[in-house]
Amino acid sequence: MARWHEVAEALRGAITAGIYQPGAKIPKEDELQEEFDTSRTTIRRAVAQLTAEGLLTPVRRGGTKVREQPERQSLALDTAVYRDELGYYFSKTVQHLRALQPPTVTQEPCPPDVLALLGLQAGDHVIIRDRVMGNPETGRVEQLATSYLPADLPAGTVLAQADTGPGGIYDRMENELGWGLLEWEGIITARPATAEEGDLLSLAPGVPVLCVTRSTIATAGAAEGRVVEVNVTRRDASRFEVRYPISRA
1 MARWHEVAEA LRGAITAGIY QPGAKIPKED ELQEEFDTSR TTIRRAVAQL TAEGLLTPVR
61 RGGTKVREQP ERQSLALDTA VYRDELGYYF SKTVQHLRAL QPPTVTQEPC PPDVLALLGL
121 QAGDHVIIRD RVMGNPETGR VEQLATSYLP ADLPAGTVLA QADTGPGGIY DRMENELGWG
181 LLEWEGIITA RPATAEEGDL LSLAPGVPVL CVTRSTIATA GAAEGRVVEV NVTRRDASRF
241 EVRYPISRA
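In this note's numbering, the protein residues as written are 1 to 249.
Calculated directly from the structure, the hints in this document are not laboratory data.
Yeah, the Cβ is synthetic: ideal placement off N, Cα and C, and Gly gets one too.
A hint or two may mislead.
As the list claims (entries may be wrong) - Restraint-style ranges between C-beta atoms, simulated for each label pair:
#	residue 1	residue 2	range
1	107	167	19 to 27 Å
2	52	224	23 to 31 Å
3	73	99	13 to 21 Å
4	41	135	18 to 26 Å
5	161	13	49 to 57 Å
6	5	224	22 to 30 Å
7	220	13	57 to 65 Å
8	3	95	47 to 55 Å
With the hints as constraints, model all of the structure from the sequences given.
Dropping the structure here:
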């Protein structure tokens, strides 16, 4: 085992055992060098590893502290869609969230991870609708929601505009475009955060994002049977967890 792995394991054990408490600084680099009788480079690699694991976090004016684990908010694994005065929503836990700024709408090539879901080919364009969602009282960003629509569908319609009116894009699809009662399918995954996601969600180093990917399927009209939108919602995986009941078969 590499020396920095050994140092990281020892520090991890000390954190787990409560020797270094959440919010407390760990010893300085030179102190750790002396304790483990090793080089500064080895200490830095060990600390970087524990930072990537989400156990440590840098202190702005120097040093490193044990990261305080935030209280988690449970997201019930809903298999139903709900509706209120604003339109459809997909989890009662985050029903209170609102857009903290106007949505941005762009047209770009479809990202690789969404191509198959939309039935598109590499290079095909999509309309991308980005929304920053959060608590309207505190202004804290809680989730990032991005919708991808095949560019041929929203062209010339309100779906390509920032303001889609009451009920949002789903009401426009069902009522104005005649795509029938929409159906949805969902996938839950996790992945490393991008730099932009880390900034917007104020993520600690090493914390991934919890991704809920939802496909919207038209049931009537010109788009019948087609996936007309893929929505990818990202949340701080250290603050949110997915909860679901387990029943006997």
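Verification of the supplied hints:
Residue 107 and residue 167 have their C-beta atoms about 23 Å apart, which keeps the hinted 19 to 27 Å range intact. Remark: the range hint 23 to 31 Å for residue 52 to residue 224 is contradicted by a beta-carbon distance near 46 Å. Checked against the given bound of 13 to 21 Å, the beta carbons of residue 73 and residue 99, roughly 19 Å apart, stay inside it. Roughly 43 Å separates the CB atoms of residue 41 and residue 135, a value that falls outside the hinted 18 to 26 Å.
Taken as a hint, the range 49 to 57 Å holds for the pair residue 161 and residue 13, whose Cβ atoms sit roughly 56 Å apart. About 56 Å separates the C-beta atoms of residue 5 and residue 224, a value inconsistent with the hinted range of 22 to 30 Å. For residue 220 and residue 13, the Cβ-Cβ distance of about 60 Å falls inside the hinted range of 57 to 65 Å, so the restraint holds. In this structure the supplied range 47 to 55 Å holds for residue 3 paired with residue 95, their Cβ-Cβ distance being about 51 Å.
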